[in-house]
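Novice: Model the full structure from these sequences, guided by the hints.
Residues per chain are reported as follows:
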Amino acid sequence: RKEVEQDPGPFNVPEGATVAFNCTYSNSASQSFFWYRQDCRKEPKLLMSVYSSGNEDGRFTAQLNRASQYISLLIRDSKLSDSATYLCVVIPDSNYQLIWGAGTKLIIKP
Amino acid sequence: SAVISQKPSRDICQRGTSLTIQCQVDSQVTMMFWYRQQPGQSLTLIATANQGSEATYESGFVIDKFPISRPNLTFSTLTVSNMSPEDSSIYLCSVEVLGAGDEQYFGPGTRLTVT
Chain A
2 RKEVEQDPGP
12 FNVPEGATVA
22 FNCTYSNSAS
32 QSFFWYRQDC
42 RKEPKLLMSV
52 YSSGNEDGRF
62 TAQLNRASQY
72 ISLLIRDSKL
82 SDSATYLCVV
92 IPDSNYQLIW
102 GAGTKLIIKP
Chain B
3 SAVISQKPSR
13 DICQRGTSLT
23 IQCQVDSQVT
33 MMFWYRQQPG
43 QSLTLIATAN
53 QGSEATYESG
63 FVIDKFPISR
73 PNLTFSTLTV
83 SNMSPEDSSI
93 YLCSVEVLGA
103 GDEQYFGPGT
113 RLTVT
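Protein chains in written order, with our numbering: chain A, 2 to 111; chain B, 3 to 117.
Just to be clear, a hint being listed does not mean it is correct.
[Claimed, not checked] Examples of chain B residues toward chain A, derived with CB under 7 Å:
#1 Ser44
#2 Glu105
#3 Gly111
[Claimed, not checked] Chain A is faced by these chain B residues, among others (derived, beta-carbon under 10 Å):
#4 Gln43
#5 Gln106
#6 Tyr107
#7 Phe108
#8 Leu114
To be clear, the hints were calculated from the coordinates, so they are not data collected in a lab. Think of the CB as a built atom: it goes at the ideal place given N, C-alpha and C, for glycine as much as any other residue.
Specialist: Right under this line is the structure:
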């Protein structure tokens, strides 16, 4: 089992819809979690951290489910500009090495 | 956050040559890292660039192939040595900013093609 797994997609979603995707992790002692966004041919950019209590930033909501060992990202009222690959990142312990998921590709269609 | 620049942004190199990539940050940072991202793949950590000492390499990466320097807290270089077409990839520098927890910020990347 991979340390961090994501559905590669692509998720084809109409503009204005709500879309959610998950990321599972294997190490139950993992400490920190993040969602990054990567546009085609660009570097990854931090979208949001994922806190135990959940995290909301505008149309984006990230949640952590420790019992089932996954994090989720919910995008409401999706925009064309949300089209990108969303990368899940987990820090499994205190050595600060980030473990990257392979990414979920999201395509928002007009 | 931090503003990170990389040079060159892209290059096409011949097999057997070497390329040095520079990473410059606009503020002092605690940690600097070098990643590789091959087409359609996620990021793979090459090494952690340590200021004033040898870099810490991940499994599958060695100093002879990817020598790294970090002479100060704002600058690092990665050299891809004796290149082969398999080294064609995007090379990304990232940093952890003091006081920003575990969040990492990335440079724009260097797109390397080896012919």
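Novice: If you test the structure against every hint from before, which numbers come out violated?
Specialist: 8
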